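Novice: Sequence:
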Amino acid sequence: MNKKGKLENVKREMERYNISILGLSEVRWEGEGEFESRKYKITYKGGEKNDDIPMSIHSLLSPLLV
Numbered sequence: 051m052n053k054k055g056k057l058e059n060v061k062r063e064m065e066r067y068n069i070s071i072l073g074l075s076e077v078r079w080e081g082e083g084e085f086e087s088r089k090y091k092i093t094y095k096g097g098e099k100n101d102d103i104p105m106s107i108h109s110l111l112s113p114l115l116v
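With the working numbering applied, the sequence shown corresponds to residues 51 to 116, in that order.
These aren't lab readings, by the way, just hints derived from the structure by calculation. All of these numbers come straight from a predicted model, not from anything done at the bench. There could be a bad hint or two in this list.
What the hints assert, rightly or not - Below, a list of computed lysine to any residue pairs in the SDA-like style, where the Cα atoms sit at most 25 Å apart:
| id | residue 1 | residue 2 |
| --- | --- | --- |
| 1 | LYS89 | ILE71 |
| 2 | LYS53 | TYR67 |
| 3 | LYS54 | SER87 |
| 4 | LYS53 | ARG78 |
| 5 | LYS95 | ARG62 |
| 6 | LYS56 | VAL77 |
| 7 | LYS89 | LEU57 |
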């Protein structure tokens, strides 16, 4: 997911298949944080060995999650 356009591909497929919550593995993002991209909120946390699991959540659902 570090290559340009990969996140856009994921968001496009989420819209195509009407997916509201998606978890991904082995994307190689470092650190932790969250950001919004279009109508999605992306939350991620990388471990010591880059064993991170980002999650993309449709913005309509994010207020419902703790």
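Novice: Each hint should be assessed against the structure and marked as holding or not.
Specialist: Outcome of the hint check:
For the hint linking LYS89 to ILE71, the alpha-carbon distance of about 12 Å falls within 25 Å, and the restraint holds. Between LYS53 and TYR67 the CA atoms are separated by roughly 23 Å; this keeps the pair inside 25 Å, and the hint holds. For the proposed pair LYS54 and SER87, the alpha carbon gap of about 14 Å is at most 25 Å, so the pair holds. At roughly 11 Å between alpha-carbon atoms, LYS53 and ARG78 fall within 25 Å of each other, so this suggested pair holds.
Under the criterion of a C-alpha separation no larger than 25 Å, the hint pairing LYS95 with ARG62 is consistent with the structure, at around 22 Å. Pair hint LYS56 plus VAL77 holds up; C-alpha atoms about 10 Å apart against a cutoff of 25 Å. Distance check on the hinted pair: LYS89 and LEU57 sit about 13 Å apart at the alpha-carbon level, within 25 Å; holds.
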